[in-house]
Amino acid sequence: MQLINTLLGGFSVGMIYAAFALALVLIWQSTRIVNFAQAPMAMITTFIALKVIESGASYWIGFTVALVAGLVLGALVERLVIRYVDHDNHINPVILTLGLFIVLHALAAIVFGSSFRSFPAAFDLTGIKVGGETLALTPFSIFTILVVVAVMAALRLLFMKTDLGLTMRATAFNREVASVLGVKVNRALTLGWALAALVGSLSGLLIAGGGLVHPAYMDGVVVYGFVAAVLGGLDSPAGAVVGGLVMGIVLALVSGYLGSGLVPLAALIVLVVVLLVRPGGLFSTTKERTV
Amino acid sequence: MSRNHLRAALAASTAAVVLAGCGAGGRDASSGGDSEGGDTTGVTDTTISVGTHQPLTGVAAPGYSEINTGMKAYFDYVNEAGGIHGRKLELTVKDDGYNPTNTSKVVDELVLKDNVFAILGGLGTPTHTAVVDFLNKEEVPDLFVSSGAQLWGNDPEARPWTFGWQPDYEIEGKIMGQWIKENKPNAKVGLFLQGDELGGDGEKGLRQYVDDQIVERVEYASGNTDIGPQISKLKASGADLVVGFNTPSYTALSQLTSMKLGYDPTWIYTNVGSDPKLAGELLSTFSKGKVKGGGALDGAMTTEYIPGVGEESPWVDLWEKVWKEQGGKGELTNYRVYGMSQAYLFASALQASGKDLTRERIVDVIEKDAKNWPGPNLAPFRYSADSHLGISGMRMAEIKGLKTTPLTDVLVTDIGDAEITKDETDVAAVAPPKDGLPDVEVLK
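If you're matching them up, the sequences are chains E and G in order. At position 70 of the first sequence (counting the first as 1) the number is 70 in the numbering used here, and the numbers step up by one without a gap. One gets the numbering used here by counting positions in the second sequence from 1 and adding 1000 to each.
In isolation and in its complexed conformation, chain E is listed as follows (with noise of 0.2 Å):
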């Protein structure tokens, strides 16, 4: 029973990291960049959502507005940030993501306090409860996962089925090819950073909900994602979440067999050895371009 519901702790948590992995593999598709700052950039949507909550709106609006609101920060950032940088020089935005990722925190820290705050829950958090056992399985960690798999749809399908994903995909592969055929590439990017934005700020909602919120709680899944990106090869969406649910499990294992304390230790372990191992990691299908 403890490893039944260890694992199904692991696989829900896994989707949230599959979800943000995906958010992290948008932006490396198109620009070449690991947004660190996706994580603190999540955490201001969900306290954006806290608070319209607070202030007396269902739970969907502020779902919804936190949404929305990751549309935004994503579309002005690229617009505002990274659009400027070198991106010849392939470590500069990756440092200046960074940098995002504090100023954020700081921010954030400053606008909406730094204490400890509960994060309601669409759904009931009692486990299901199967012959008599209780499974770590919840009607909101269901809704996570049903969530986060029809997000994973509705992208596959723009990029594989709509004019505007192929315009992005066309983007991603060659910038100057794709321009001179004729695609607005700016726009194109800002949609990406965008679109990747919102995917992130759906995890921290899925994160957050029925737990605690505070400036740092997304800081361990932009470590987890980022692993569960690489492990899945940067290039590839399905990769990232495979990646995200490996994460997941094997986290959650490592927690309830060996020790909290060595969760981090174990990311950065599998880390280590999938760039030891595989470099493109499991699902690359490009060969790794060299920098």
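What the hints contain is simulated information worked out from the structure, not anything from laboratory work. Every residue gets a Cβ at the ideal spot worked out from N, C-alpha and C, and that includes glycine. Honestly, I wouldn't trust all of these hints.
As the list claims (entries may be wrong) - Within a straight-line C-alpha distance of at most 25 Å, the following computed PhoX-like cross-link-like pairs (lysine-lysine) qualify:
(1) G:1184 / G:1403
(2) G:1188 / G:1321
(3) E:129 / G:1188
(4) G:1094 / G:1113
(5) G:1329 / E:51
(6) G:1324 / G:1434
What the hints assert, rightly or not - Which bits of chain G does chain E cover? Going by a derived footprint, with three or more residues having C-beta under 8 Å, they are:
(7) 1060-1067
(8) 1099-1111
(9) 1241-1253
(10) 1258-1270
Unchecked claim - Facing chain E, from chain G, some residues (calculated, C-beta under 8 Å):
(11) 1057
(12) 1195
(13) 1219
(14) 1224
Fit chain G to the known structure of chain E by using the hints.
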């Protein structure tokens, strides 16, 4: 390394040396310095300045960030009445975010730059461990550390300037253990422990009494808020009585996670993590009021060593009065009562030290005399030449709503295999003086 890099490194290290020099220089220029009778740093004819490090932000902030407001309120109350021996009390609070690296930095500032007379109630085991040697080397009174670790009091020869305050986690574990053995001899006991002294010392005390009843122990790392795997393990073991040595956020998380897993054991929480109001607040927003704010911890048990909010005690009446007159926003909470109780003990020490206050004098007075002073503590302090450990005992209590009901007399003991006995002193029965200011004789 290129020449430019070298130059930058040299410049940086020069700057660091200069800065360090400035810090050290500040001390000599201080108002007091060594006089014939001892060190009077931080003391003037009209003021005494003390400092503290507290987690105002971060994982330990909920609850604990209120302690300094209680201290401050009582200081203001004393100042309003004219101070102690004509000196007003000034408190400088520094935020260390419960991060030992920050603690070192802010305590350096307090001691070397702000020239405080003493550190009062520095909070946290990992945090205060980072500065305890520094304070003893600098010979700064390190009074009433807000932590139940034994480091503060078990070796006064090594750390003569440091004093503990609350009962240590080991005697708390012993008193809980004896209660379980006597009242729940058939319970299958699970342990939910923070992976440091809080959990370790608590477990040590418990195992003296209920080693054979313990069926499972789990540890969590502070900061990792997913404790599903730990609670699953406790549930799988069949434990029907879980003892938690954890901080307040984890009390809320353990209740919430148990609810998710349909696990409903009897809980006993350490005093450190059992504030029903805070846990209730953290839990109330979850799941749209499924968990009621007020009674979130109903039926759980804990320990008490000072009277808390809502209890009938002349001390609580005094704290209510102090908070009403001098408090800031918010209402009186148990964390504020905790800070006021420390401030009261400090004021007693100043009173007993007399007019000629030095760092040496106050430490000497506390070591010799503090066990005799009346205060809100239910059991006497253990201070002596051989021990600087704090309050010697506590009672078991059951949580109901926002209040507690005592389950036992006040029980006293000490670390190691010292026996647990009923407190025979009448410390718990003493009421505060009418004016709320400590009324102790100056020690000859």
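Results for each hint:
no., hint, result
1, G:1184 / G:1403, "23 Å, holds"
2, G:1188 / G:1321, "44 Å, violated"
3, E:129 / G:1188, "24 Å, holds"
4, G:1094 / G:1113, "13 Å, holds"
5, G:1329 / E:51, "21 Å, holds"
6, G:1324 / G:1434, "16 Å, holds"
7, 1060-1067, "holds (count 3)"
8, 1099-1111, "violated (count 0)"
9, 1241-1253, "holds (count 3)"
10, 1258-1270, "holds (count 5)"
11, 1057, "4 Å, holds"
12, 1195, "5 Å, holds"
13, 1219, "6 Å, holds"
14, 1224, "5 Å, holds"
The earlier numbered hints that this structure contradicts are 2, 8.
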